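Peer 1: Residues per chain, in single letters:
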Amino acid sequence: MPRATCVTTFGEVDAPVATPPRAEQTAPDLRDLYERMLRIRQFEAKVDVLYRQGRVRGPAHLGLGQEAIAVGVAAALRSGDFSLGTYRGHAHALARGASEEAVLRELLGRVGGICGGKGGSMHITSVEHGYYGSYAIVGGHIPTAVGMAWASRIRRDGGVTACFFGDGTTNIGAFHEAVNLAAVWSLPVVFVCENNLYMEYTPIGDVIPVERPAADRASAYGLAPLVVDGNDVAAVREMALAAVDRARRGDGPSLVEAVTYRLGGHSVADGGAYRHPDEVAAARTRDPLVRLATEMAQSGEMGVDESDALVTRVKGEMDALAARVLEEPTPDAAGAWTGMWSDGSAAWRN
Amino acid sequence: MPRATCVTTFGEVDAPVATPPRAEQTAPDLRDLYERMLRIRQFEAKVDVLYRQGRVRGPAHLGLGQEAIAVGVAAALRSGDFSLGTYRGHAHALARGASEEAVLRELLGRVGGICGGKGGSMHITSVEHGYYGSYAIVGGHIPTAVGMAWASRIRRDGGVTACFFGDGTTNIGAFHEAVNLAAVWSLPVVFVCENNLYMEYTPIGDVIPVERPAADRASAYGLAPLVVDGNDVAAVREMALAAVDRARRGDGPSLVEAVTYRLGGHSVADGGAYRHPDEVAAARTRDPLVRLATEMAQSGEMGVDESDALVTRVKGEMDALAARVLEEPTPDAAGAWTGMWSDGSAAWRN
Amino acid sequence: MAQLTFREAVAAALDQEMARDETVVLLGEDVGSGGVFKTTAGLKERFGPDRVWDTPISEQAIAGAAMGAATAGLRPVAEIMFSDFYATCWDQVANEIAKACYMTGGQLRMPLVIRGTNGGGLGFGAQHSQSVENWAMCVPGIKIVSPSTPDDMWGLLAAAIRDPEPVLVFEHKALFGTKAERPAGDHHLVPLGEAALRRRGDDVTLIGLARTVGMCEQAATALAEDGIAADVIDLRCLVPLDAATVLASARRTGRVVIVEENPGQLGWGAAVAAILAEEAFHDLRAPVVRVSGGNVPLPVATAMEAAVMPSAEKVAAAARGLTEGRIPAATPA
Amino acid sequence: MAQLTFREAVAAALDQEMARDETVVLLGEDVGSGGVFKTTAGLKERFGPDRVWDTPISEQAIAGAAMGAATAGLRPVAEIMFSDFYATCWDQVANEIAKACYMTGGQLRMPLVIRGTNGGGLGFGAQHSQSVENWAMCVPGIKIVSPSTPDDMWGLLAAAIRDPEPVLVFEHKALFGTKAERPAGDHHLVPLGEAALRRRGDDVTLIGLARTVGMCEQAATALAEDGIAADVIDLRCLVPLDAATVLASARRTGRVVIVEENPGQLGWGAAVAAILAEEAFHDLRAPVVRVSGGNVPLPVATAMEAAVMPSAEKVAAAARGLTEGRIPAATPA
Ligand SMILES: Cc1ncc(C[n+]2csc(CCOP(=O)(O)OP(=O)(O)O)c2C)c(N)n1
Ligand SMILES: Cc1ncc(C[n+]2csc(CCOP(=O)(O)OP(=O)(O)O)c2C)c(N)n1
Ligand SMILES: [Mg+2]
Ligand SMILES: [Mg+2]
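Residue numbers (numbering that gives the first Met the number 0), protein chains in the order written: chain C, 0 to 349; chain S, 0 to 349; chain H, 0 to 332; chain F, 0 to 332.
I should point out that these hints are in silico values taken from the structure, not numbers from a laboratory.
Predicted model only: the values in this text are computed from it and were never measured.
Heads up, none of these hints are tricks.
Residues of chain S clear of chain C, computed beta-carbon distances all greater than 10 Å:
#, residue
1, Asp28
2, Asp47
3, Ala101
4, Glu199
5, Ala268
6, Asp304
7, Asp318
8, Ser344
Pairs of lysine to aspartate or glutamate residues, derived as DMTMM-like cross-links and limited to a Cα-Cα distance of at most 25 Å, are as follows:
#, chain 1, residue 1, chain 2, residue 2
9, H, Lys37, S, Asp269
10, F, Lys43, S, Asp156
11, F, Lys37, C, Asp47
12, C, Lys314, C, Asp31
Computed footprint of chain H on chain F, listed as stretches where at least three residues anywhere in the stretch have a Cβ under 8 Å from a Cβ of chain H:
#, region
13, 86 to 95
14, 98 to 109
15, 114 to 128
16, 136 to 146
17, 276 to 282
18, 286 to 298
Glycine residues also receive a C-beta, built at the ideal position from the N, C-alpha and C atoms.
Full structure from sequences and hints, please.
Peer 2: Have a look at this one:
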């Protein structure tokens, strides 16, 4: 297996790459990847403000700083492929194409929310775009993702499933059972561990007996230890393409550890005081958006003026979206008594 | 770390040894180990017969052929150390010193059963001898074992916990969570995977993505991959002594894979038809009792006549024990309504 | 007439549905070799390894894989060998499968079945004898089936597989050996959510599920000798619950004995009793009595296990107590 | 007088018991930094890392470690952050901890506490809002505590820690901010298994637990304005259940409204209703009515979540229905 040195937020990491980049692999459109990350960033920044204004019901977990993973992996998937994420799932839904408006309606408790007002921030789902849901119980969705990949395998339809979860999630039993089963059955699934270095308030290093939460567990499932710089969207996309390709070819699952940093608190209610300000400041310099903008400016692909204008435009769009949605009506109580069963009904007895 | 080539039932395995044999380690008394294995073998052979006669209520899972593991590990423990096992736990209880009579009473549903008639074969427990129970849910007891070791660690009392489970058990979430926690907290526990090559009726190779169910998972917990020939009681004892010593010194857990073979069915109700007769026949030649008897005969430590006489005597004792226990009274119904709470009572309401 | 055991009825239902619908796939521990209870015998041979999947001992992965496959459009039937082991995958069942359709506003569909062997009476002890349909009933969003006859085992399991919702099917392990006439025809279906009136009588209503239905029928026979005529209702499903049949019978007889293996502390019998106490109160002529599993973990020794299980004798005694206007003494513990 | 919040009461109880008994140790996710609900704030600083242990996200290992440590003679207090997550370690709780003492003939002892935040009303959605004390009540062998006031939160948690049995303590997350007078003295204990009569009145009995007790009290105030006098019973514990207090009140008033956040399909209210229907039947003057959580997973949007939760208004309406001799219409679904 070829090895590659990849620069992560930790410094250099010598990591094997599962498969060489595919011959037919096209160069990524960096501007496009940038804009996708930017929309997510601005969407979530707006959610943060709305939460502080008391407009968001329930908790919300933002992925500020982690956008390159959602966007990079989504760019490696085809329409018809499945993906699943966690309570920190806005980015994953939006990266597959979910409607910003419908997601925001869900968060603000308005009619037309993407889950009809029943899910909230932690359960954003957009089946229409292949995003099969955000799940709020750590690790609970990994077996589900494996089941979706199993269906693809049975149907031999070439579908691939991507499943996102955090570093802390590698300690839970469901992770072990699911990755193991996927390996035993050689299923077309790409497990993406977003290692943002924290399990809530606890540094991941305090609660794992190895250095790398995912990569150091891979061999237990007969898998290669794959690490990628999760703040480099092109690198993420490339790693994901290799893993997706392997899955689609029928060569089984991959477990990718994408190293990143969450710039905000664990949830919008958390100030993140357990982290040293220097650590956060250093992480900000590695912000995937800043980084890609700088790169593109250097290469001349997108000038600073242009990227500034883009930020202003997108921010304006999010402000306008929020203002509009806030004017919309809230759902009726009656909706609560519908939709437990797939025909829309909810009675358990006659 | 030193490595040692150990001969297992698979052939030769190059395996690292956690710690060099301790200087003060005494040579094992092979006759004693032999007799302990023999008593367990004859006890279980008798249980098999009794089951076929319809005398045993509920299922019973025998460890015929796996005795060297229970006996070898028990020989490395001190009184005051804890051990826990599974539904296949007769050997583990007896190896720590549990009363054959009390265990048999439990199996035959007589007054004075070791669990008062409430546990049956799958829950044999003898706290008096440090055997903290047999558990019938695969993997469910591994977290408990870790908790016992955690208590020893908190009290700094030098206690060590040994926890037995099967090869198939390495696929369940509780295994992952428990071994991981023990490693994170560096707890004094020795995990012993009895790899008898089968998960019920399924060859273990069909349901793991690696070659060795336990050893190939060890590195996921920062542990060394330890393999021992589980049919060689002296080797098991030696490996266990090293692991126990490491735990007692405060150097954390070990995960030992002891390779063996179950000579009978998964439970007494299973004929084991899914195994090729040649495979079983070959395994019989590696029977830990036959093997040790042969060795001792060769070295002159115990002649064939003597070992034959021993078998006859112990078998006679087991026959007599069974005959006696079968004459004993069965427990009253009233006992069912006692002992849910530790004061002996069982009421949940006034 | 050909006979069919309860055990064979499981395989018959699976066989029928797998032949009819190629999206029906099985998974579980040792299901390929027929399973510990031999309920899936012959299916791997008939349908091949792409339809019958042996799993590692990984209940979370089994239930989760069923969820994912259902989400993706298959109709998986997962086996949890003993229903006690639902505890090892309760998150998948109670928190994921039961809630996914509702919490995504109907975007996810869960046409799946999980089968598990349930119940005591065989000396399997506290971790292999529980009746845990009450656990499932605590959680809105899953259907619950527990047949009492080979005929229903076949028809209800087939209906569960065709149902668009997640259904847990509890197979009472003490019933596997029971036999009945094989249903006529090749295709057999019994709709979910309809209780069966197994016997008709106006003095008292006996309500059972799975193995306790037989106890109710035996008790009814004994009561008939005393001139007491009993309705015997087999609930068949807890969700959807056929409360209408229960209420109609209770209003007619005015006396009800509910017979459950669940611990009385909180079993399905309490749910039925609460419905009666609220909705049939004015028609009841006597207290609603439950004969429940004991409120202790399950012991192994013969006499002790029998003590904590319901029985035909206990049912008959409870019914007699009601018809004589006496309230039976509370069960110990 | 000094005030104490429900949240602070948790820490006060832990602090009191940890100071008194050095075998009391805590474990859970982020408990060292005070926990997500700040209920363990300050304890690691005071008692050190050998008494307060931060765990990985491994609920099975957490509950199992508590079991093992208790078995070995410590008194562990484990935290399961949200009670919904009991599903991820249900095997340890329901199959191991609850059964170990009984099934070993009393050889194993389980003096442990597991604390978990319970209940809805904050828009946390279907996987973080459940009231799952009904899950626990399905399983004989565990005690169940759920306090309604800061005073009880302190005293009952302290008593749970001293109790020789496994106790699950459900802390309602919508109560954390509630305040009351700080109990006098340094040591505070409230015995398990004694319901509290919060208010006295002879027309109707309102029975609540945790957050629904406040609803009962509010309803009682509203009813008093209509001349209806209500007993308000705070159960405090489900196991041991103080059935005597419930029965005595029901026999006096003849009318009972049970108010639970559990889904009505099978909640603790059904257990209480079933006891009343069996043991107080002849004294009841009206149907036993339950105001329960909706039989759906829990939605997030404000109006929908309110619709599926009990409320003081619903309780008062139900009580009025009874006292006017009318049976209220069944709750939808
Ligand atoms: C089974 C379970 N345990 C605990 C929690 C509470 N919880 C929510 S997020 C979280 C931390 C997850 O950390 P990680 O996997 O690293 O993901 P991140 O939040 O950093 O994206 C915890 C403990 C939960 N939701 N589910
Ligand atoms: C959680 C759980 N799933 C399934 C079972 C049923 N079961 C009992 S033993 C067994 C096989 C265990 O295999 P292994 O771990 O290799 O142990 P062995 O029986 O070979 O000693 C299974 C599947 C169980 N008891 N618990
Ligand atoms: Mg993280
Ligand atoms: Mg095995």
